[in-house]
Structures are given as structure tokens and as C-alpha cells.
Amino acid sequence: MTSDHDHPSTDASRDSAAVRPCLVVAIGASAGGQQALEQFFTTIPHDCGLCFAVIMHIPPEGPSFLAEMLSRYTSMAVVTAEEGMELAPDTVFVIPAGHDLTIQDGRLRLEIPSGTHHPIDRFFTSLAHEVKERSVAVVLSGFGTDGTQGVKRIKEAGGIVLVQVPASALNPAMPRSAIATGAADFVLPPEEMPAKVADIAQGNCALPESSCRVTSLDDELQAIFAIVRARTGHDFSSYKKSTLIRRVERRMAVHEVAGMKKYLALLEEDEREAEALGQEILIGVTSFFRDPEAFQLLAREVIPRLFEGRDADDPVRIWHACCATGEEVYSMAMLIREYLTEQRLNARVQLFATDIDEAAIAQARAGIYDDDTATEVGPERLARFFVRANGRWQVNKQLREMVVFAHHSLIKDPPFSRLDLLVCRNFLIYLNPDMQNRLMALFHLALKPKGVLFLGASETVGRPAGHLFAPLDKKWKFFERRESDRRGDSVFPLTSPQRRLQGSVRAQQRPAPSGSAVGSAAGKLLVELYAPPCVVVNEKYEVVHIPTNASRFLGVPVGGATLEILKMAREELRPALRAAMYKCFNEQQAVSFRGLRVNDEEGESSINLLVRPFADEQGENLALVVLEPAGPSPATPPAGEPRLPEDEAPRETLVRQLEEQLRVTHEQLQTTTEQLETSREGFLSANEELMSINEEFQSANEELHSTNEELETSREELQALNEELV
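So in the working numbering, the last one in the sequence shown is 710, and the numbering has no gaps at all.
Please note that the accuracy of each hint is not assured.
30 Å max Cα-Cα, derived DSSO-like pairs, lysine-lysine [claimed, not checked]:
no.	residue 1	residue 2
1	434	458
2	434	459
3	224	461
4	432	524
5	180	139
6	432	458
7	524	567
8	225	459
9	224	458
10	116	180
11	458	396
12	434	396
13	180	225
14	524	224
15	136	180
16	180	246
17	551	567
18	434	551
19	432	246
20	551	524
21	246	225
Derived from the structure by calculation, the hints contain no laboratory data. Since the structure is predicted, the reported quantities are computational estimates derived from the model, not experimental observations.
Use the sequences and the hints to build the structure in full.
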């Protein structure tokens, strides 16, 4: 019989069994094994319920940095083994310096080595005896034959043995010796081992489907920047991976977080970290007259070309994309002002500067800079174009008013159009080749014939876009727009083609769904006979569906293909349409303008404009725009009003029409005022119908200076780490 005092120990053993790992993975490595360990733990999932033990040949003298090194590559707890520690799931135990490590009764035991020192064989043997078929042995790079006897014991106990491919090991002696025993179940490179261990765990452990999934570095980066995109609206998926990794590693160093998985957990917990990471990527490096020879060429060759033979009413249009804090765009404005003064010209110049970083745009708009400005611009330009303000230098008002700054995404938002000069310096070098090619097609679309493209000294238009641009100066990267029948993908946003919009247009051509053919035909006929022209638009004022024929009021504009309703609508409807849609989306209420006059092929007519908000099944905000013909003015006045003599009726009708037009004008003015208060320089010129300047922009960030420092620091750290491991 079992005595009463035996029950507590039984319960304790049950509790211990409930949290014990389903498998114990023992990893043996020696010289050259640190690289394989990094590849293994960078990829291995943190939620498989496995226990890991790392056994390496560590000199007995001095401290061991093995636990600290491994903690950089995994979000699991990494601890140096101590006497009596209990095996725990999702934990990595490492052997301490100067000891052998074994397992007894589910706990770790430390021993002082004696005689021939084979710590890997010793641990593998005790593991086979303790957990039997729940053991997994992994043999990585190393000198000698340690682990050879241990893998035999693991195999005899029913466990599984994985060995590194000798050709991938810096020191293949240990893997070759283990393979020679015939006990190896799998011979794999280190980067493929985590997936195999995960498969083994899923076959032996009761895990939910979402657990123990192997992720690559690309998967982890994708998860990180999905959070950033959701929290900030910035999509960095088109940036080069090396750039993103450096930015993430810097944030990891700030928080002393080791491993991508740990940083991903921090992002999920701390909403402010996504903003901080986004700003880390958006940090730009710029200065006045950066690359002075390039700006000398700009002043000597390009600027005179822009004004040559220019009509006084035809403004020179310049777009400086990715302007950061504005130093380079102000440098160009100085050169233009100097040229106009020298040539005594009174030409018009429209200079637009955009960036995704709102803080940088705010600084550029203020035009306030540190004392380094004096050295960069020189004393003559400093006296002419700057004033002293609160101990700093500020660009004078005349020069600031030459530039319109705006928040804009080069990748997501439609570009400025009909440009004479487009400047985008030192941004393309941080994008992947596919996005670079897409932007070249975008630049070609935005520039006028013979327009000039100005890139950074390390950038080029690339071979695929060679038919779009001809070099004007190869060294300083000035290019002239060529006429070309071939043009790349210029659909906005560039990161994701508008399949939904294309699908909506195609949907109009599909046959009616199955059902009564007569009923469908009758319904279609009723719509054609009685439904007024209408379209469905989204918050970007893009047409996503056309329920009825609206060709009388909407047409295809000349130039690049567009679905923007303000470009498709007849010119006399655009002001009222813009005001109605703006108020509808911002206040989520129906808006109507009545009695709008339209001149078309059928003559002059009057219509009522109705805009009503609604949401689709996915929750996207949409609006139904209805353009219904206005009925004839009533012959009799409304009830309660005195009847006018017949000769005064036309005058009353005219008064009512003028009152309605005045109301429309008032609504338009109020809408314009609200828009200017929200984004003072967001709308540029209603007459020019510039494409909207909308939310997000993926910044121009130059890292050339900081990258060298980062690489030097990383090299020193790696050298110190290698010395410690050796």
C-alpha cells in the first residue's frame, strides 16, 4: 500500500511531467561550430516545446560567452547550466566552462572532467539513458571524434541523429566521424536542420498548428515591416534587405534585444517602437550644394536650357522628390534666382519639393539651419539668401516662397506632371532593382519631352530603362527624356497593381449571374431607362465601379491613363465635384449641389450633383456620385410666397439660379479653406489639376556615412567574439 505522505511527491512529479519538454535536442560542436550554431538558432522556432542543450569544447580558464552569443540569435531563454537545474521547454542550456554536463532524474548535473575529456559523448550518453526515444543529437563542425560514441548510444535508445554535411563545416572531422558510425539519420547543412527538427517535433509533440513553424530571415523581416506598415502606413517592402537589416539591428542594440524574434515580440508589445523604427529608416543625410561639381554643371548647362525660348506664360516646372530637410532644393532655388537676376528675366518658376518624413518637411518649410550652413553656401550667398534668427541661419522669405513643400510618397502617390526637371538624388540606391525600374517608368511619365532627370552620383537609370533616357552627363547623372513607345509599369501604387480596380472594370463586361434571364434583362433595361448617370469612387477620388452610363459627363482624358474622377469629369463640374467629395468623405454625410450648368454636345443643360457615402463589405469608405438631370424650374412659387407677375417670372428664375450658384461657390470656398487649414500647401493649383498629394511616403534616406561606421564597429565586435570563442 502507498502511504499518505507519498501523495505529495506523486503530485509534484505529475506537475513536473506536465511542463517537461517533449523532446531534448543536444547539439555538440567544437572549432568552427559557432557559425553553424548561429545558422541553427537564427531559424529554429521558439515555440516547439523543445529543450536544447549546447555542448562545446570551452577552455576551463576564464568566463564563457557562449550563452550571450546564442541569445543574439533566438528569442528563447538562453542560460548557462547550473547544478540541479530542471529541463524546461523552449529553453537553451549551455555547458559552463571547465565542467562536464550530464542529465539525471530530469535535472542537469555538473562534473569536473577527469582523464580524456569528451563532453559531447558524455552528455549524449546520459541523454540516451535518461530520455531514450525523446532524444535528438546534432553534431556540428569540430576537430577530433567527440560525439562519435554518443550518437551510437542515442541511436540505440531510439533517438534521432542529425549530422552537419562535412563539406559545409569549417572543421569536418567530427561530422565525418559521426557519419562513419552509420548512426546518422539525416546529413544536412546547418540552415536546413531547423526545419527537420521542427518536423520531428510536430510528429512527436501535441502542438497547435500555429506552433513550431520555421521562418527565414525574409519571413521575420516581412513580419516586422507588416507591423510597421499597419502602425505608421509606411511600406518598406521595396527597400533593399541589407538596408532594412542595418536599421533593425540598430534598434535592437538600443533596446539590448537579441534576435529578430525577440525584436518582433517587442514591436507587437510597444506601439511606439514601430514609429521609432520607421523614423530610423527615414533618417536622411543632405547638405547645401552637395557634390559641388554637379551643381556647377546644373547652373552652367541645365538651368539655362530650362529657360531657353520659354514663353512668359509658360512656367518652368521642377519637382525635387525625396528632398529631406530641404538643403538641396534651396541650393537649386539659389542658382535659379542668380540666373534670373543675371539674365534679367521675369520668368515663372514652380518648384515642388516632397518627402515622406513629415518632420523633415516641417524643417524644410521653416528653412532654419545650423552654423554649418555658412561654410556650405559661402559668405556671398549667406548674406544674400539668409537671415540670422535665434542664433541660427534661416532662408529668407523670398527664397522660401519659391518652393512649395508637401508630404508625398514617391512610390504610393501619383507623380507631379509636365515637368521640365525632376530631381531624385540618393534614394534609388536603397531600393531593390524592380522598384528602381518602376520608378524610371514613372519619371518618364512625369517629364515633358526633352525634360531632364537629375540623379545621385551613385545612381543610374539602369539597363532596362535605357530606351527611356539618354545621358547628358554620365559622371554627375543628368539624363534627357527620350520619346519611347515602350514604357514600364506605372500603375499606382507601384507596390501593388490595382487588380481590384481592373477587376471592377472587367466586372462590367461579365454576363449576369444565373437566374431568370428575363428578369435580368428587364432590370438592366430599367436601369438604362431611368437610372441617372452615376459612379462609385474611393477616398482617393478614383472610380472603382460604373453602375450606369456616365459618358456624357465623364470621359477619358488625354495623356496617361487614369481613373481619377476629377480628371475624367467635364471641366465645369470639377469644382463642385471636388467640394462635394471632400465634404462627403470628411463629414460622412450626403452632399448635394443643384442647378449646375453643363455645356456638352447636346447643348447647355442643368444637372443636380448628389454624393452619398457608404462602405463596402470589406469596410472601405466609398461614395456614390450621381449626376441627375435637373427638372425645369417650377412655374409657380412655393407655397406661402406671393405670385409674381408673368413678366417678372424669368427674373425670379434667374435669381434662384444665381442663389444656387452662389451657394455652390460658398461651399467650394469653405471646402478649399478647410483643406488649406489641414494641409496649407497640400493643394497647389486647382487650374492645373495637379495629382493629389496624399499620405505616406517612403523616405529618401542616405546612410553612406553611417554605414561605414556601422561596418567598422561590427567588424571589431566580430573579431573580439572570434577571439573569445577560439
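Taking the hints in turn, this is what the structure says about them:
Our distance criterion of 30 Å between C-alpha atoms is met by residue 434 and residue 458, whose separation comes to about 17 Å. The hinted pair formed by residue 434 and residue 459 meets the criterion: a straight-line CA distance of about 19 Å does not exceed 30 Å. Distance restraint check for residue 224 and residue 461: the Cα-Cα separation of roughly 22 Å lies within the 30 Å cut-off, and the hinted pair is therefore satisfied. About 25 Å separates the Cα atoms of residue 432 and residue 524, which keeps this hinted pair within 30 Å; it holds.
Simply put, residue 180 and residue 139 have alpha-carbon atoms about 17 Å apart, close enough for the 30 Å limit, and the pair holds. Simply put, residue 432 and residue 458 have alpha-carbon atoms about 21 Å apart, close enough for the 30 Å limit, and the pair holds. Between the alpha carbons of residue 524 and residue 567 the distance comes to roughly 13 Å, so the proposed pair stays at or under 30 Å and holds. A hinted pair counts as satisfied when its Cα atoms are at most 30 Å apart, and residue 225 with residue 459 qualifies at roughly 27 Å.
A hinted pair counts as satisfied when its Cα atoms are at most 30 Å apart, and residue 224 with residue 458 qualifies at roughly 24 Å. At roughly 19 Å between alpha-carbon atoms, residue 116 and residue 180 fall within 30 Å of each other, so this suggested pair holds. Between residue 458 and residue 396 the alpha-carbon distance is near 29 Å, which keeps this suggested pair within the 30 Å criterion. Restraint check: the Cα-Cα separation between residue 434 and residue 396 comes to about 26 Å, which is no more than 30 Å; the hinted pair holds.
Only pairs whose Cα atoms come within 30 Å are accepted, and residue 180 paired with residue 225 is accepted, the gap being roughly 26 Å. Among the hinted pairs, residue 524 with residue 224 is consistent with the structure: their alpha-carbon atoms are about 28 Å apart, no more than 30 Å. For the hint pairing residue 136 with residue 180, the CA-to-CA distance comes to about 20 Å; that is within 30 Å, so the pair holds. For the given pair, residue 180 sits about 23 Å from residue 246 by alpha-carbon distance, which is consistent with the 30 Å threshold.
About 19 Å separates the Cα atoms of residue 551 and residue 567, which keeps this hinted pair within 30 Å; it holds. With a C-alpha separation of about 25 Å, the suggested pair residue 434 and residue 551 falls inside the 30 Å cut-off, and the hint holds. The straight-line distance between the Cα atoms of residue 432 and residue 246 is roughly 50 Å, outside the 30 Å bound, and the hint therefore fails. Under the criterion of a C-alpha separation no larger than 30 Å, the hint pairing residue 551 with residue 524 is consistent with the structure, at around 12 Å.
Restraint check: the Cα-Cα separation between residue 246 and residue 225 comes to about 19 Å, which is no more than 30 Å; the hinted pair holds.
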